[in-house]
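J.: Sequence:
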Amino acid sequence: MKKKSLNVLMLGMLLVGITGCGETSSSSTPNDTSHTTSNTTTSESTTSTTTSDTTTDTTTSIKEKVIETVTITNKDDLMKKWMVGDAPRKIQIGLTPNDYTVEEALENEKLTITSDNTDVAIISNTNIIIAGAGEATITVSASETIKDSVKVTVNEKFEAVINWGTESGQRHALDDNRYLKGITVKSKTGEDLDYTLTDETDEKAVLTKQADGSYNFIPKTYTGSAHTLKITVKNPANEEETYSDTKTFDVYRQVMYPGSDGGTRESTWTYNEKDQVIGMKNTGHFVNAFVMEPSKVYYAEMNFLNSYNNILGSFNNDTQGFYLGMAHYVKNDKRWGLEANGDGQLWIQSAIGRVQYGDKESPYAQVFNGGDGWAIDNENQRELRQNNFFNNMFTKNAEGNVTSYEFKYAVARIDDMFYAFVNDTLVGTYSSPKFKDLVSVPGPYMRGAGTEGRMVTMNKIQYYSGTEASDKVNELLNDGNIVNPYDSRSYNGAVNSNIRMDSANGFTVLSDNGSTNDAVASPYAIFGGDFTLNWTYKKNNATNTDVSDAYVRVRQGVDNSDYFDLGINYPKDGQASLFAKAAGWDRSNGTKLTLDDSEGINFKLTRKVVNGLDQYTLVATSVKNPSETQQVSINSTTSNGEVRLLFQNRRLSGTYTNISYSSLVD
1 MKKKSLNVLM
11 LGMLLVGITG
21 CGETSSSSTP
31 NDTSHTTSNT
41 TTSESTTSTT
51 TSDTTTDTTT
61 SIKEKVIETV
71 TITNKDDLMK
81 KWMVGDAPRK
91 IQIGLTPNDY
101 TVEEALENEK
111 LTITSDNTDV
121 AIISNTNIII
131 AGAGEATITV
141 SASETIKDSV
151 KVTVNEKFEA
161 VINWGTESGQ
171 RHALDDNRYL
181 KGITVKSKTG
191 EDLDYTLTDE
201 TDEKAVLTKQ
211 ADGSYNFIPK
221 TYTGSAHTLK
231 ITVKNPANEE
241 ETYSDTKTFD
251 VYRQVMYPGS
261 DGGTRESTWT
271 YNEKDQVIGM
281 KNTGHFVNAF
291 VMEPSKVYYA
301 EMNFLNSYNN
311 ILGSFNNDTQ
321 GFYLGMAHYV
331 KNDKRWGLEA
341 NGDGQLWIQS
351 AIGRVQYGDK
361 ESPYAQVFNG
371 GDGWAIDNEN
381 QRELRQNNFF
391 NNMFTKNAEG
401 NVTSYEFKYA
411 VARIDDMFYA
421 FVNDTLVGTY
431 SSPKFKDLVS
441 VPGPYMRGAG
451 TEGRMVTMNK
461 IQYYSGTEAS
471 DKVNELLNDG
481 NIVNPYDSRS
491 YNGAVNSNIR
501 MDSANGFTVL
511 SDNGSTNDAV
521 ASPYAIFGGD
531 FTLNWTYKKN
541 NATNTDVSDA
551 YVRVRQGVDN
561 SDYFDLGINY
571 PKDGQASLFA
581 KAAGWDRSNG
591 TKLTLDDSEG
601 INFKLTRKVV
611 NGLDQYTLVA
621 TSVKNPSETQ
631 QVSINSTTSN
641 GEVRLLFQNR
651 RLSGTYTNIS
661 YSSLVD
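Mapping to the working numbering: the sequence shown position 474 is 474, numbers consecutive.
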């Protein structure tokens with residue numbers, strides 16, 4: 001007993017010693033021990049935190065979210081009429097409480113969306129995708145008791161079997177012999193169905209149903225694009241439901257008249273209607289009118305192109321040449337290009353080309369304006385306007401042979417004024433008394449351009465009339481700011497080889513010889529109402545050997561019956577003067593010229609119509625000293641109405657530049 005008690009006592013002492021050793025590093029006593037407890041509670045969790053000595057224990061318990069109600073909020077939209085092939089529709093879902101979003105609920109599998117008939121409706125996220133006809137119930141569930149559903153009904157789409165039949169006749173605008181035959185429209189079970197046929201393009205065709213059920217299809221105009229026709233069928237069981245089908249039909253413009261009606265075609269030619277391209281071979285004439293209503297206002301353009309190792313090589317005599325251009329044609333009872341009574345030619349042609357009269361080695365390009373029934377080889381038409389502008393259109397090889405060319409040629413008519421343009425640049429103007437009261441049409445004009453079988457191609461063909469044409473001409477003439485002078489032999493019968501055209505708005509009178517050398521100036525040749533004409537003139541000769549002058553003649557019509565002359569006169573012995581005179585050669589009583597004309601004179605001619613009468617004023621300003629200005633004027637005693645203006649030089653050379661026109665008067 002004593003031994004056992006001793007052992008217990010020793011053990012107790014040992015334990016007390018160990019405890020004492022553990023407290024040696026701290027000044028604290030058991031009475032200093034701290035104890036803290038805190039509790040935090042939310043609607044979602046409760047957190048308890050206990051801290052004892054240096055140990056902290058935290059415990060969190062989560063309260064799970066619960067969906068209490070589910071509602072499909074767009075049932076009305078989902079129950080509306082569905083057709084096979086309709087686009088998917090989205091299910092709108094409302095949840096309470098709003099602790100979850102629909103996306104979160106689906107992701108956490110707290111919400112499911114199902115279809116009881118996947119042959120009709122398939123669920124993709126919150127979208128209903130139509131699989132076929134029939135009925136399906138769509139259910140949105142949070143549990144067996146918390147759910148909502150909607151029934152959708154999908155109908156087969158109404159369709160018809162449409163057979164467009166066949167088409168026959170020409171594909172030309174304005175033709176009335178193109179038919180759509182054998183159109184049938186049936187239900188899927190074979191019953192005939194009523195239908196309507198319409199044209200869906202902007203320029204709608206005339207569609208007329210014939211007794212045999214076919215349709216006459218007449219496009220009103222050529223628009224450069226196909227016509228889209230549409231067949232529409234109503235569902236006999238529900239007229240609000242329709243089915244339709246469309247088909248496109250090419251409509252080509254018939255550019256040229258068939259056979260000999262169109263003109264003279266001594267060459268082999270082809271025409272691709274779809275691409276609107278003409279091809280021409282051989283060396284004869286190619287004269288043809290475009291298919292359009294004859295008028296006095298129109299515009300037409302086309303591209304010419306060719307390539308060959310030596311395009312000009314075969315012209316081997318002094319009377320041969322080639323022309324590429326266009327013309328204005330008048331039609332008699334036989335064909336275009338003939339006089340009203342007889343077989344004489346009646347056209348105005350303008351072209352560029354190589355005319356060989358003893359100079360075979362110089363393939364320069366020229367422009368000529370001919371007409372009034374003159375034969376193409378008439379010597380008068382050899383008074384051509386040579387212009388280096390055209391050399392840029394020809395490609396030559398190392399030997400100097402022309403191997404290719406491409407350019408745009410255009411002609412226009414505005415009343416009794418005819419124009420020619422190359423690459424949108426004005427190159428020629430012409431007026432013909434013979435054409436004044438005649439309507440005409442434009443068309444291609446060529447000769448000798450397809451030698452040795454080489455093909456001349458004409459494409460990008462465009463032509464139109466009326467306001468569209470006059471607007472185009474105004475655009476090319478810079479709204480009247482380009483005034484083109486030209487050889488006016490049609491007015492006085494003279495051949496003015498003394499005039500060289502320098503640019504679109506300038507020319508030079510080359511020699512002091514000749515009683516009169518004149519050039520008409522005007523974008524339209526006809527000036528009506530108030531207007532202003534500006535130009536600069538500089539005389540080239542140093543001395544005057546005889547009375548000479550440079551002036552503008554204002555006259556009515558194409559003859560010399562009524563006119564005014566306003567300009568500058570250089571007498572043989574005496575001082576120069578400005579003058580404004582009525583018909584005649586009297587230059588006396590002018591205003592003596594006091595300004596410096598050594599560098600030229602800027603002229604401005606204005607006409608104002610006051611109380612039906614014309615008031616003309618010519619203002620002259622020194623180019624060297626602009627402060628030096630003089631003027632003369634003259635008034636008419638009767639109204640001249642529309643007039644023509646001619647620049648005229650008598651025994652005086654000189655250069656005209658900066659010619660411009662305006663319908664405004666300062």
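Careful, some of the hints might be misleading.
Straight-line distance between alpha carbons at most 27 Å, and here's what the computed DSSO-like set of lysine-lysine pairs gives [as the list claims (entries may be wrong)]:
hint	residue 1	residue 2
1	Lys204	Lys188
2	Lys460	Lys296
3	Lys186	Lys247
4	Lys157	Lys296
5	Lys81	Lys209
6	Lys90	Lys151
7	Lys186	Lys90
8	Lys220	Lys188
9	Lys110	Lys81
10	Lys472	Lys274
11	Lys460	Lys538
12	Lys204	Lys592
13	Lys204	Lys181
14	Lys157	Lys110
15	Lys436	Lys296
16	Lys220	Lys209
17	Lys472	Lys436
18	Lys186	Lys230
19	Lys181	Lys80
20	Lys147	Lys209
21	Lys147	Lys65
22	Lys151	Lys181
23	Lys181	Lys90
24	Lys472	Lys296
25	Lys274	Lys80
26	Lys274	Lys230
27	Lys157	Lys75
Just so you know, these hints were derived from the structure itself, not from any lab.
J.: Hints broken by the structure, by number, lowest first?
T.: 1, 4, 5, 7, 8, 9, 11, 12, 14, 19, 20, 22, 23, 25
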